[in-house]
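Participant: All chains, full assembly: derive it from the sequences and hints.
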Amino acid sequence: MSTFFADDSTETWFADPFGGSPGTPPPPTGFDSGSSALRVAVAVVERDPEDRAYLVSLLGGGVSPFATLDELAVRLDGSPVIAVLGPSCTADGSLASADRLLQHHGEVGAILVANELSTALLQQALRAGVKDVLTAPISSEQLFEAVERVANTLKAAPATPTSSTPISLDDGGGELGTVVTVFSTKGGSGKSVIAVNLAVVLAMRSDRPVCLVDADLQFGDIAVMLKLAPQHTIVDAVASLDRLDATLLQSLMTLHQPSGLHVLAAPLEPAFADQIGAAEMVKIVETLRKTHAYVIVDTPAYFNDVVLGLIEVSDQVLLVAGLDVPNIKNVKIGLQTLRLLNTPKEKLRLVLNRANSKAKLDVGEVERTLQITADALIPSDVVVPQSVNKGIPVVLSAPKSSVSRSLVELASIILPQAEPQRRRK
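Under the working numbering, the first residue of the sequence shown carries the number -6, and numbering increases by one thereafter.
Derived by calculation from the structure, the hints in this document are not laboratory data. Be aware that a few hints might be false.
Computed list of lysine-lysine pairs in DSS-like fashion (alpha-carbon distance at most 30 Å, straight line) [claimed, not checked]:
hint, residue 1, residue 2
1, 325, 340
2, 220, 325
3, 283, 340
4, 325, 338
5, 276, 179
Quick caveat, the model's predicted, so the values are computed rather than measured.
Facilitator: Listed below in structure tokens is the structure:
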């Protein structure tokens, strides 16, 4: 199999781990076997010899070709592997075989290359656990980019459990956690920043686990904002929906070590979003609330069935708005929509972001226009974009800043009572 190094340089080289390939180039200059680079074997699985040779040629020397998934399965030894599945793997029964293999081999990340991509095929691939789907013909660059994306998800695979304080799977005597959905009717309002920092504060103050769900299924940025490389995403949860339980969901989440927050990341590819509906997302959230004190849900900045379903099952909805005329106009329309849908007013909380901005809209006038009182005012501060670029929540990177204090106050509104920061084990 070819070996792909998933690191910050995105440099690649190929070498067969089953004894080497003639003419295989040496590792890149400066490679250190003790570095953080991840060695990932790459295999091509395709029954048709011409298609198999074509895919191998796109990846270069050292690729291990297999005619069937069964041939690949007998060579697996627990090391990370990226399996490029050719068009023949879309034939009847082949994706079911891929599903079985991927269930039993979490170290394998699959990429499907199909001659034609339909909604039905994409859904089958999603449920089989395929990480990415490409439509032939493809270029070498496209395939390398897909390999890089999947390799980076395998990079996060821990040799040992990532959390030193495992989640208790006891349902707490039937007590359900609080679901808080963070929503905005306009992009760029700072919604995701508020969701991330709120979740981090709650995770550090609650005596029970807290999780953050990135329900912006097309363009979710939560993993980037927390500097995480998730091994699994919501796609994996949906693919396992028929057997979804607290134990399985725990295995699909990524731990944010500094805060103890558990994160269920958005799909790697926007195409998967169309295959995830409201019923699936609601089931995921309802399962998470059985074992988490707080389930914070970040959403896209528009209404769709998924967002409406999540709002319906939420205990609280934070409606985030910037203090400018377009934001306030959209929030007013959003509130009218929620009222038409009979969303209880008592579970809506207005959060005005960048409240000290130069726009200088009067907060009182905004409240009168929206017919709702602002529950939190978050000031504008240069430390916020700095923290986002570093991948460190502002409540951790600049805890004494005015914006961090405001975010802590927002968390105290959601907490039944402000608890002292718990001791990290």
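Participant: Verify the proposed pairing of residue 276 with residue 179, using a straight-line Cα cut of 30 Å.
Facilitator: Since the Cα atoms of residue 276 and residue 179 sit roughly 26 Å apart, the hinted pair holds (cutoff 30 Å).
Participant: Is it true that the CA of residue 325 sits at most 30 Å from the CA of residue 338?
Facilitator: Holds, at about 14 Å.
Participant: Does the alpha-carbon distance linking residue 283 and residue 340 stay inside the 30 Å limit?
Facilitator: holds (20 Å)
Participant: Starting from residue 220, check that the Cα of residue 325 is at most 30 Å away, please.
Facilitator: Roughly 34 Å separates the two Cα atoms, so the pair is violated.
Participant: Verify the proposed pairing of residue 325 with residue 340, using a straight-line Cα cut of 30 Å.
Facilitator: Cα-Cα ~16 Å, so holds.
This entry does not satisfy hint 2, going by the numbered hints stated previously; all others are met.
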